[in-house]
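Using the sequences plus the hints, can you model the full thing?
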Amino acid sequence: MKIRTSDPTVEQVVRTVAAAHREQRGALLPILHAVQAELGHVPKEAVPVLADELNLSRADVHGVVSFYHDFRAEPAGRRTVRVCRAEACQAQGAGRLVEYVEQSGLALGQTAQDGSVTVEQVFCLGNCALGPAVEVDGRLHGRVDTERLGALLHGTDRTRRDGVGATHDGSEVPRS
Amino acid sequence: MTRHPAQPPVRIYVPRDSAARSVGADEVTAALQQAVDGADMALDLVRTGSRGMLWLEPLVEVATEHGRIGYGPVAPDDVPALLAAGLLDGGEHPLRLGLVDELPWLARQNRVTFGRVGVIDPLDADDYLRHGGLTGLRTALKLTSADVVAEVTDSGLRGRGGAGFPAGIKWKTVLDCPGELKFICCNADEGDSGTFADRMLMEGDPFLLIEGMTIAAHAVGAREGYLYIRSEYPDAVVTMRAAIEIARERGWLGTSVLGTPLAFDLHVRVGAGAYICGEETSMLESLEGKRGMVRAKPPIPAIEGLFGKPTVVNNVLTLATVPVVLAQGAKAYQELGVERSRGTQVFQLGGNIARGGIVETAFGITLRELVEEYGGGTRSGRPVRTAQVGGPLGAYLPPSSFDLPMDYEAFAAAGAMVGHGGIVVFDDTVDMAAQARFAMEFCAAESCGKCTPCRIGSVRGVETIDRIVADENRDENLAVLDDLCELMTDGSLCAMGGLTPLPVRSALTHFPDDFTGPARSLSGARTVDIPIPRVPGARTEGTA
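Here the protein sequences line up with chains A and B, keeping their order. Just so we're aligned, residue 1 is where the first sequence starts under UniProt numbering, counting upward by one. Just so we're aligned, residue 1 is where the second sequence starts under UniProt numbering, counting upward by one.
Treat the hints with caution; some may be incorrect.
In silico negatives: residues of chain A with every beta carbon more than 10 Å from chain B [claimed, not checked]:
id, residue
1, R15
2, T16
3, A19
4, K44
5, P48
6, A112
7, S116
8, A151
9, H154
10, G155
Residues from chain B that face chain A, not an exhaustive set, calculated with beta carbons under 7 Å [stated by the list, open to error]:
id, residue
11, S22
12, V23
13, S193
14, E232
15, N352
No wet-lab data here; the hints were simulated from the structure. Backbone N, C-alpha and C define an ideal beta-carbon position, used for all residues, glycine too.
This is the structure in structure tokens:
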């Protein structure tokens, strides 16, 4: 999702999303997912608006946003690469993938300086018999070696024909 | 390719399961399509779930007059040669496996819950009906609520999420609670490493889970259900949402389920990356839109669950087994298994294993049969050093313990747990001190923070293991670690802190030598500083 200056403000986005979830019980998580899908992250300015919409305290909303790993305070890079570090992938050499990420000048939990890629760790992608597993923009990859990971990190993976390596909407424009 | 365009299109099955897609199932499908398009022929391509023989993925099946012939693992580049070899007629090729249903790995299993997974098109409601779908629900709707509960109780079905609590007893508690508003919650927050059966079931046979939840609704008098799926399973979320939509259109959900007075609707909720939300009370908090903090029990969720109302909380496999129990009768299900572990368990073989995947079989099979006979040992070809059973909170067992029968009580007696049936195999390059440290580190990262033994104990655990490995006051620190483990076991609110000592202690007991001298990194290189980085953004509040 691209935000241009003419795009709605954070407050407008949050209020629209909240209105769409008005009928749901305990709607905060679905709302946060929807806000992140719209804006690429959950900005600080969203917290007081959500508190107002849901009749919660700001502390309550902040507590929820900060509890869950998925909600980002900052927009991610153009690609998000998540490396599984849970036991089944460890047994298949996930440690080598983590070392490779670091040797590439990237760090888990951080976005490359040029904004091209965010690398994260994840604990289990449910691909435990075909590890090590890596997920790129929601797409699962199995039996990933360092060479393949390099291609996935740099967006040059050509073994896939479904556009992995590009962003969700096929553009290469930064989100923010 | 000798077929004439006038012949009816050949039916080809390629999985759409995300594990199969992770190794190229979509690319193989595209290559097949491209090849037949070029030859001006038509294919009847069906995307199924996965049969669970994951080392054979992408597994392509061709319908022939003798049955479904399998080829695998197929790479896109293999497609032209396969077609030239007569793939569409089940022709010979080095990748040809034979009749899939007769492959010994599959034929030896007892697929009860997974009977349709990999066989049908998961989102084809008619395919579901042709394969016996809704038989359980139709049977249940002819019975009273109490009779359905009795049937489930009699079957001996126990919660498949890990705790193994009898499902019928839980349901009876909810049924006996007064009140109009009750909930059915399905826990699909399958966060344990080494487990993927919930995911495969949701991607491979989503209507079965819907049917199971609907039976539960009828059994306890609930009108509303929630399916809490972890965000790491985007394909399962998409499949379940699509299946629910189809079920509504068909009248399988809604104000009058199958034309009966039963009203039941179902909603998918997506988690947000918190392992602890697999714990049932934490999941309920999350469903209510709160931090996933564990609740103290009692009150149990059956009495005060979602929004304080009586709630059935069951795992995916538990609810997906209910239709089978109703369709085939409690007795048939009860006859499978051993001792107090009745029916089948869906074991998941993962990690460093030659033939990983889904093995559904009656309880009582030994770990050795699973790891060696089904699994074929390690993928690396090196000796098996250990298997962790039951997820990150399960024990590391040495091969000398592999003759344990897989049964809840036998495992508990051996200081281990069957859990959700995940088995992760490691070869002899594993450093068990690093694995023990990881168990504590994982607990520190994923603890909800509500209780001190888990929140603080796990951080102290990491530090203490580091000191032991560095040979700092070794004996004293071993005593501290033991004490810490005991405290976490006895004093934690839930299984997260309460069971983290299980992998730690089992590693210490069975592999004491690994705790002397510098630890190896997870990649096998010996270093003093185990390179498990503290990750910015990991939840560390209150842990220091």
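Hints and how they fare:
{"no.": "1", "hint": "R15", "result": "holds (17 Å)"}
{"no.": "2", "hint": "T16", "result": "holds (18 Å)"}
{"no.": "3", "hint": "A19", "result": "holds (16 Å)"}
{"no.": "4", "hint": "K44", "result": "holds (15 Å)"}
{"no.": "5", "hint": "P48", "result": "holds (17 Å)"}
{"no.": "6", "hint": "A112", "result": "holds (14 Å)"}
{"no.": "7", "hint": "S116", "result": "holds (18 Å)"}
{"no.": "8", "hint": "A151", "result": "holds (14 Å)"}
{"no.": "9", "hint": "H154", "result": "holds (19 Å)"}
{"no.": "10", "hint": "G155", "result": "holds (18 Å)"}
{"no.": "11", "hint": "S22", "result": "holds (4 Å)"}
{"no.": "12", "hint": "V23", "result": "holds (5 Å)"}
{"no.": "13", "hint": "S193", "result": "holds (3 Å)"}
{"no.": "14", "hint": "E232", "result": "holds (5 Å)"}
{"no.": "15", "hint": "N352", "result": "holds (4 Å)"}
Consistency with the previously given hints is maintained throughout, with no hint failing.
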